[in-house]
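Using the sequences provided together with the hints, build the complete structure.
Spelled out, the chains give:
Protein chains: 2
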Amino acid sequence: MTTKIGILGYGNLGRGVESEIKKNPDMELYGVFTRRDPDTVKAGLGTRVFDIGEAASHKDDIDVMIICGGSATDLPHQTPEYAKLFNVVDSFDTHANISEHFKNVDGSAKAAGKTALISCGWDPGMFSLARLYGNCILPEGKDYTFWGKGISQGHSDAIRRIEGVVDARQYTIPVEAAVEAVKSGEQPELTTRQKHTRECFVVAAEGADKRVIEEKIVNMPNYFSDYDTTVHFVSMEELKRDHSGMPHGGSVIRSGVTGPSNEYKDVIEYNLKLDSNPYFTASVLVAFARAVARLHREGKKGACTVFDIPPAYLSPLSGEELRAHLL
Amino acid sequence: MTTKIGILGYGNLGRGVESEIKKNPDMELYGVFTRRDPDTVKAGLGTRVFDIGEAASHKDDIDVMIICGGSATDLPHQTPEYAKLFNVVDSFDTHANISEHFKNVDGSAKAAGKTALISCGWDPGMFSLARLYGNCILPEGKDYTFWGKGISQGHSDAIRRIEGVVDARQYTIPVEAAVEAVKSGEQPELTTRQKHTRECFVVAAEGADKRVIEEKIVNMPNYFSDYDTTVHFVSMEELKRDHSGMPHGGSVIRSGVTGPSNEYKDVIEYNLKLDSNPYFTASVLVAFARAVARLHREGKKGACTVFDIPPAYLSPLSGEELRAHLL
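Protein sequences appear in the order of chains A and B. If you read the first sequence in my numbering, its first letter stands for residue 48, the second for the next number, and so on. If you read the second sequence in my numbering, its first letter stands for residue 48, the second for the next number, and so on.
Any given hint could turn out to be false.
As the list makes no split between identical chains, a pair holds if one copy fits it or if it spans any two.
Dumping the calculated BS3-like pairs for lysine-lysine here, alpha-carbon to alpha-carbon at most 25 Å [stated by the list, open to error]:
#: 1; residue 1: 70; residue 2: 348
#: 2; residue 1: 230; residue 2: 196
#: 3; residue 1: 230; residue 2: 70
#: 4; residue 1: 230; residue 2: 242
#: 5; residue 1: 89; residue 2: 106
#: 6; residue 1: 106; residue 2: 51
#: 7; residue 1: 70; residue 2: 189
#: 8; residue 1: 287; residue 2: 196
#: 9; residue 1: 51; residue 2: 230
#: 10; residue 1: 89; residue 2: 150
#: 11; residue 1: 157; residue 2: 347
#: 12; residue 1: 242; residue 2: 89
#: 13; residue 1: 348; residue 2: 196
#: 14; residue 1: 189; residue 2: 69
#: 15; residue 1: 51; residue 2: 348
#: 16; residue 1: 242; residue 2: 106
#: 17; residue 1: 70; residue 2: 51
#: 18; residue 1: 196; residue 2: 157
#: 19; residue 1: 347; residue 2: 196
I should point out that these hints are in silico values taken from the structure, not numbers from a laboratory. Bear in mind that the values here come from a model prediction, so they are computed numbers and not experimental data.
As structure tokens, then:
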């Protein structure tokens, strides 16, 4: 059975989904829906590009629509809206608003008889699963999440908004000593500053005062003031040459104890090392889209998260094949 | 809602389950069922001990029976037998016979309207889940499983069967260079010898020829001949003092590629470091027993594996709580 996928929104993530679908012989890309003029969009070979306004007229041709908008302004209205027409998957990642988003999407999807998976990707997503399994298996323990080394889009954007900054990239870097302490099973208490450092590569405008820019960065509340931050000024050429990738990753570690007197230490670590954040996220979305199509065929209606999906549903293989080859 | 757990078989694993249940306030230990004379069994404070022959008369008092026998001779008949009376969980780990075991347990459980989870623990179990998620998310890639550093019961037993050996412990040790090569995203081809080494601590009988024992160990087919094996002769006192624990662990690594030209490397690693193999395995069994009780309440009948269980079912928390705190 082939699962037909639509892509709504054609930025980095949408292009990732377009690419990763091709690695799954049981899936087919139906087309891309964009807010831009379709004639101006350069898509991959064989990809059809539609105006987003036409989406409704394709609702019976698509098994799952993967919504590839941003969490800040797109997904809060797009996912509930398109869940009225399609089974949907999104990567909503504003942790504080997940409950509200779930409720909105659940309402739309239930009313329309559709299946909707929200907050899929790696964090939230695979990291959430690592936290859940870890918490259930080791109820007495502590969670640690380290991010990086990787590019933080939000922090890079925050630097770019400073006067005199032409462009910037910010790397979030876990503190090696903190990671090692956690992996030893010690369950240390760690401050924000002890867990991550931030390294910034900044292109300054000609004549801008670099000392002032650096001060503004390292003292920026929420983004940088709680961290040890290093600022490097580089040329635009250097930035493009050395910092144009989007690597990311990190670790979720559950450190817990077992034994009648809690005498045994156990450490569970889930670790990702990704050359490309958006392509890996896309790859997760595609696997979960397969599960959403199956849940819908079985009659599931409403919103769900990665927590609700039996792992076998992510695979094109039968239960018998999975037991024989992966168990 | 309290889930009442029975333990069938009271060795290391059964004692582990007895201990780990206490870390879960929503679970209650009903009692232990043993083949030994109950009056001779020293159980934990407050644990009731029953003769295994009485199990049937307690069938309505227990939500899930965790079968803690061995995979070689106990589980192949115990799990299908007790699935006629109880919802069951086992840790059957003979990979080659899982299909047959599943079929036998499924038949019993379906006929009796019970829910049965087989092959739960860390491998098979959590490692299987890591393999499944990894394969689905990165369909173009390669799997690597490393075990250790840890005690292999099977290899220790094999050494003990050699003439002139009084006692022995065998550690399986992953080759650091191989693990690092895999974690770099290189997808190396690795032989058995390149992945693990084996280190043996052996107590020889007085007057036994240690050279002969060592030869027999390192050349033993299946167990040692494909590995670089080191043999240390120690006194019984040293063995007990330094090697009486049951640490284990290991890593499942999925190394794959994303991107239109497969240009991005991604490495997913799931890593366990366990002070006590049986207590951690017990801890996994207990969490999954919670899921089995819930699946049974929802009407699920027959056998399943960790692949079939929505992760949320392992947790005592509601969907809303999970979304708020762990997503």
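Checked hints:
1. 70 x 348: For residue 70 and residue 348, neither the intra-copy (28 Å) nor the inter-copy (35 Å) Cα distance is at most 25 Å.
2. 230 x 196: both (17 Å within a copy, 15 Å between copies)
3. 230 x 70: Only across copies: residue 230 and residue 70 sit 22 Å apart there, 34 Å inside one copy, limit 25 Å.
4. 230 x 242: The answer is both: 13 Å in one copy and 22 Å across copies each meet 25 Å.
5. 89 x 106: Only inside one copy: residue 89 and residue 106 sit 23 Å apart there, 65 Å across copies, limit 25 Å.
6. 106 x 51: Cα proximity of residue 106 and residue 51: one copy only (11 Å, versus 48 Å across).
7. 70 x 189: between (37 Å within a copy, 14 Å between copies)
8. 287 x 196: Within one copy only: 18 Å inside, 43 Å across.
9. 51 x 230: Neither. Shortest intra-copy (42 Å) and inter-copy (34 Å) distances fail the 25 Å Cα cut-off.
10. 89 x 150: neither (36 Å within a copy, 52 Å between copies)
11. 157 x 347: both (9 Å within a copy, 24 Å between copies)
12. 242 x 89: neither (41 Å within a copy, 46 Å between copies)
13. 348 x 196: neither (38 Å within a copy, 46 Å between copies)
14. 189 x 69: Intra 39 Å, inter 18 Å, cutoff 25 Å: inter-copy only.
15. 51 x 348: within (19 Å within a copy, 32 Å between copies)
16. 242 x 106: neither (46 Å within a copy, 50 Å between copies)
17. 70 x 51: Only inside one copy: residue 70 and residue 51 sit 14 Å apart there, 45 Å across copies, limit 25 Å.
18. 196 x 157: neither (40 Å within a copy, 49 Å between copies)
19. 347 x 196: neither (38 Å within a copy, 43 Å between copies)
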